[in-house]
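First to last, the sequence lines map onto chains A and B.
Position 269, counted from 1, in the first sequence is what the working numbering calls 269; the numbers after and before it change by one each time, with no gaps.
Position 137, counted from 1, in the second sequence is what the working numbering calls 137; the numbers after and before it change by one each time, with no gaps.
Calculated from the structure, these hints are not laboratory results.
There's no promise every hint is true.
[Said to hold, decoys possible] Straight-line alpha carbon distances no greater than 25 Å define the calculated DSS-like cross-link-like pairs of lysine-lysine that follow:
| no. | chain 1 | residue 1 | chain 2 | residue 2 |
| --- | --- | --- | --- | --- |
| 1 | B | LYS32 | A | LYS306 |
| 2 | A | LYS306 | B | LYS206 |
| 3 | A | LYS306 | B | LYS343 |
| 4 | A | LYS73 | A | LYS47 |
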Amino acid sequence: MKQMNLLQAVNNALDLAMARDDTVLCFGEDVGHFGGVFRATSGLQDKYGNDRCFNTPLTEQGIVGFANGLAAKGLKPVAEIQFADYIFPAFDQLVNETAKFRYRSGNQFNVGGLVVRTPYGGGIAGGHYHSQSPEAYFVHTPGLRVLVPRGPVQAKGLLLAAIDCPDPVIFFEPKRLYRAAVAEVDEGHYQLPLDQAEVVRQGSDITLLGWGAQMEYLLNAAELAEGEGISCEVIDLQSLLPWDEDTVVESVLKTGRLLISHEAPLTGGVGAEIAATVQQRCFLYLESPIARVCGLDTPFPLALEKQYMPDQYKILDAIHATMNF
Amino acid sequence: MTNPNNATITLVHRARFVDGHGLTIPTFRLLKDDGQLYADAAEPVLDRQQALAMYRSMVATRLLDERMLAAQRQGRISFYLQSLGEEAQAVASAAALAPDDMILAQYREQGALLHRGFTLDQFMNQLFSNEDDLGRGRQMPVHYGCRELNFMTISSPLATQIPQATGYAYGQRLAGEAAVTLCYFGEGAASEGDFHAGLNMAAVLKTPVIFFCRNNGYAISTPASEQFVGDGIASRAVGYGIRTLRVDGADTLAVFEATRQARQLMLEEPQPVLIEAMSYRLGAHSSSDDPSGYRSRAEEERWRKRDPIGRYRLWLGHRGWLNEDEDRRHSDGLRRQILEAMKRAEQKHKPPLESLVEDVYAAVPRHLERQLDRLKKQDAANRKRERA
Ligand SMILES: Cc1ncc(C[n+]2csc(CCOP(=O)(O)OP(=O)(O)O)c2C)c(N)n1
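Please work from the sequences and hints to get the whole structure.
Below is the structure:
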């Protein structure tokens with residue numbers, strides 16, 4: 001075990017994957033010698049050479065298209081998109097190509113082994129082009145897997161599993177936590193299951209559900225609620241596509257209440273999908289409407305970032321409203 | 001221009017591949033390092049007032065950059081991006097335009113905006129994201145924009161402005177305006193798909209747009225050698241059938257003259273032009289970057305000697321147009337004005353909560369009104385919590 005922050009855990013996972021399997025390649029803008037603008041790939045070029053860890057020209061559509069070709073050839077590309085806000089030039093390659101390779105070819109070709117890593121989310125004074133949470137666009141795309149780790153342990157285990165996964169994966173890394181989240185991480189090779197939510201905290205009055213950087217706020221809110229005698233069960237979804245209905249439903253059947261929180265705008269967000277499913281499977285057990293604490297239906301701002309963010313207080317107030325319905 | 005699909009073609013009967021270096025384009029330069037004109041160079045038509053205005057804009061840009069980088073280090077603003085070593089590219093190109101010409105910039109062209117008359121207060125309001133920021137505190141520092149000065153608001157995603165410039169210029173042509181569009185971008189951004197789409201459309205649709213590529217050698221840590229192979233960005237434009245000129249980006253006079261002539265060409269006959277300005281990004285990419293991790297001090301020093309402001313100052317001196325005392329007084333005055341503008345901007349309020357939901361659509365829709373109501377209650381509750 002070793003103390004690692006989220007970036008070090010990602011770096012460690014890439015290092016282990018590249019050491020074990022020489023078909024694993026890491027590339028993207030500034031990824032090579034520099035080690036990425038956040039330094040997630042630092043040291044990898046020195047260790048594995050320029051053929052396996054390198055800078056690409058500045059073109060996201062090129063990076064993902066190139067990764068598609070590489071993966072179709074049987075290699076395992078781990079491509080970095082510098083910020084999730086800049087994934088959109090690659091949108092066509094991801095949603096029309098990456099996602100549908102296997103399906104459209106009758107399983108003659110596939111891009112399993114392809115992982116796109118990208119830092120997402122706000123809270124870093126980045127304004128609206130360095131803060132977006134674009135997961136919902138991809139969750140609407142059959143054929144992709146979408147993962148969001150909440151801390152170093154999850155980042156490493158999920159990333160290692162993603163690299164071995166026979167399906168293409170988009171891996172959103174919460175950049176607000178890159179250095180802030182620190183944990184004891186197993187230095188060996190381990191994997192976490194890709195389609196399982198984790199019950200992070202047991203409780204009986206209400207289920208709080210989130211992923212990635214939101215988990216910190218959910219856990220803080222649960223702590224505050226605990227002080228008032230409200231017992232919160234907290235679940236980290238981890239995989240948004242496919243998502244683990246059973247774990248969530250089981251919890252809601254127990255608590256009778258559900259609150260979902262995400263940074264992305266409310267409308268058409270992943271929370272809407274979960275609320276619809278839970279409402280159908282738990283209707284007679286629900287004691288109050290399902291609450292959503294999300295980003296506003298506006299672009300992400302700069303000056304009013306703090307007001308925009310769905311934080312622990314917004315969550316706590318929504319817990320009160322749900323409990324007192 | 002020959003079109004390989006139908007025009008007269010030259011036949012050969014031995015395969016001869018043209019390689020990426022087959023096309024080398026010379027660099028247009030007027031001023032020698034000592035500030036004297038090359039013997040066969042023609043001096044651009046510039047009067048003293050214009051020449052000094054360019055000089056002052058470059059100096060002001062550098063002083064503003066120095067001060068705001070320091071302000072970032074002191075934690076007073078969250079981010080900054082300087083244009084050290086590239087002042088001539090932005091200022092001299094903008095100086096060759098008319099006020100009605102539209103500018104679409106990347107993010108390292110504060111000099112162009114400053115030369116157009118953006119005030120220190122306007123710069124500071126944007127940098128401090130206060131209620132008087134024309135962009136209403138929504139974007140990171142250095143994402144300026146000003147309708148009045150025909151400077152379109154900067155967007156962070158790289159190269160998206162390139163096809164937009166093509167479209168804007170086409171609109172100018174249709175409207176019959178004697179105006180052009182100038183679009184700045186870096187050699188890194190020229191790798192994006194939008195660059196290729198924008199250039200090809202401009203060539204085919206004959207739009208009066210000047211593509212101005214600042215080839216400063218780096219895209220964050222990525223050197224130009226890992227960005228493209230072949231003869232720079234200029235040869236790409238030639239491939240699209242676009243008139244192209246490579247210019248020394250640290251030569252104020254050459255940049256001015258290149259842009260002036262490009263504009264003249266397209267007013268005579270609507271068509272795009274690409275100017276590739278060769279220079280060096282002397283500073284860090286941004287306040288979040290440290291170039292010592294990817295390039296040597298010696299390399300930086302070599303370029304420091306080719307400072308565009310220094311070379312131009314020498315020329316102004318030879319011309320007898322620069323009075324040193326006056327120059328010093330002017331710079332000192334500017335430093336003071338920058339500090340004063342910064343203090344004023346720092347004291348202003350943030351934009352109001354309403355600004356979150358405004359401008360998303362032309363009018364605030366019902367669902368955003370509801371979200372704002374909820375947010376106001378939440379905000380009041382949070383303030384109470386903070387006080388407690
Ligand atoms: C689509 C997109 N991808 C990535 C980025 C992140 N990024 C910001 S600046 C930059 C380098 C740009 O280099 P260049 O165009 O050469 O301009 P310079 O910074 O050298 O002036 C990168 C990769 C971005 N802003 N937009």
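Problem - Hint numbers not upheld by this structure, sorted from lowest to highest - result: 1, 2
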